[in-house]
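Working from the sequences, and respecting the hints, build out all of it.
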Amino acid sequence: MTIAKKILANGMSEHEAIDLAKQGDAECFEALYGLHKRRVYSLCLRMVGNTAEAEDLTQEAFLQLYRKISTFRGESAFSTWLHRLAVNVVLMHLRKKGLPEVSLEETLEPQQEDGPKKDIGTRDNVLAGSIDRVNLERAIESLPPGYRIIFVLHDVEGYEHNEIAEMMGCSIGNSKSQLHKARMKLRDLLKLSRAEKAAARR
Amino acid sequence: MTCAELQKVLPYIIDGNGTEEEQAHLATCQVCSDLVADLRYIAECAKLLVPMEDPSPRVWDGIEKSLDREGLTKARRTF
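Residue numbers (the numbering used here), protein chains in the order written: chain A, 1 to 202; chain B, 1001 to 1079.
Watch out, some of these pointers could steer you wrong.
Here are the simulated DSS-like cross-link-like pairs (lysine-lysine), alpha carbons at most 25 Å apart as the crow flies [stated by the list, open to error]:
1) B/Lys1065 <-> A/Lys22
2) A/Lys185 <-> A/Lys97
3) B/Lys1065 <-> A/Lys68
4) A/Lys185 <-> B/Lys1008
5) A/Lys191 <-> B/Lys1047
6) B/Lys1047 <-> A/Lys185
7) A/Lys176 <-> B/Lys1008
8) A/Lys191 <-> B/Lys1074
9) B/Lys1047 <-> A/Lys176
10) A/Lys22 <-> B/Lys1074
Read the hints as simulated data drawn from the structure, not as lab findings.
What follows is the structure, encoded as structure tokens:
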């Protein structure tokens, strides 16, 4: 049995585990890791698109959690607090790497190439019903980093534009614009992937 | 309303309903309505992506070593 399960099986709530972790209880640290590792790792992996980096960032996020856990006052859910902390760890890492997150010069004006394409043809080209988890994950991974981060934060993780703007230091309009471009790019990638699959079957 | 005009407000209408004028254009333009349907579908599918993978055990090993090094934990309990 994992430590997390053992602690919960002993009737300890997450709230109690957090209180003990604040006092330095090693098992409770491990239990909190067990309860939240998958979600934090998935967030990191989707944001950076690379297993080794995602593992390093997961490690860093939990270390920061343990360093800061005494400041957790319970105003928000623990998972929300931890998640926000993990997002900040990833964004800090990307800033250090100098990767473009969101270009501040971006405006809401969509670029011509992002517009509706008139040569789309028949309704067979509509995506409805054709996306599965694997091809969507792959397409997200192929997005340019700036688009990927906004898309993951908004559409996958459910953050609002005002929260994203605050975390990324950009305007709300900028966040909306980047999200739109990310979805447009994903649409192209998903259509391409479907066309390739269809060609392979022929 | 033209396709180009709709395109300018597209980022705003995907997550909402759009104005009457925008809806009227979508009702008559297959290309734009397909585009809106696709973008909404992508957003819906993304909401269904759940965390699937656990990190490798070496992640916890690394955390544990750092915790010990920094003196953040006390002795282990016995169950």
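Here is what the structure says about each hint:
1. As the CA atoms of lysine 1065 of chain B and lysine 22 of chain A are separated by approximately 18 Å, the hinted pair is consistent with the 25 Å bound.
2. A threshold of 25 Å between alpha carbons decides the hint, and for lysine 185 of chain A with lysine 97 of chain A the separation of about 24 Å falls inside it, so the pair holds.
3. Between lysine 1065 of chain B and lysine 68 of chain A the alpha-carbon distance is near 18 Å, which keeps this suggested pair within the 25 Å criterion.
4. Using a Cα cut-off of 25 Å, the hinted pair lysine 185 of chain A and lysine 1008 of chain B holds, with the two alpha carbons roughly 16 Å apart.
5. Under the criterion of a C-alpha separation no larger than 25 Å, the hint pairing lysine 191 of chain A with lysine 1047 of chain B is consistent with the structure, at around 19 Å.
6. Under the criterion of a C-alpha separation no larger than 25 Å, the hint pairing lysine 1047 of chain B with lysine 185 of chain A is consistent with the structure, at around 17 Å.
7. Note on lysine 176 of chain A and lysine 1008 of chain B: the hinted pairing holds, with a Cα-Cα distance of about 12 Å set against a maximum of 25 Å.
8. The suggested pairing of lysine 191 of chain A with lysine 1074 of chain B is violated, with an alpha-carbon distance near 54 Å, which exceeds 25 Å.
9. Using a Cα cut-off of 25 Å, the hinted pair lysine 1047 of chain B and lysine 176 of chain A holds, with the two alpha carbons roughly 17 Å apart.
10. Taking the CA atoms of lysine 22 of chain A and lysine 1074 of chain B, the gap is near 11 Å; set against the 25 Å cutoff, the hint holds.
Checked against the numbered hints given earlier, this structure breaks only hint 8.
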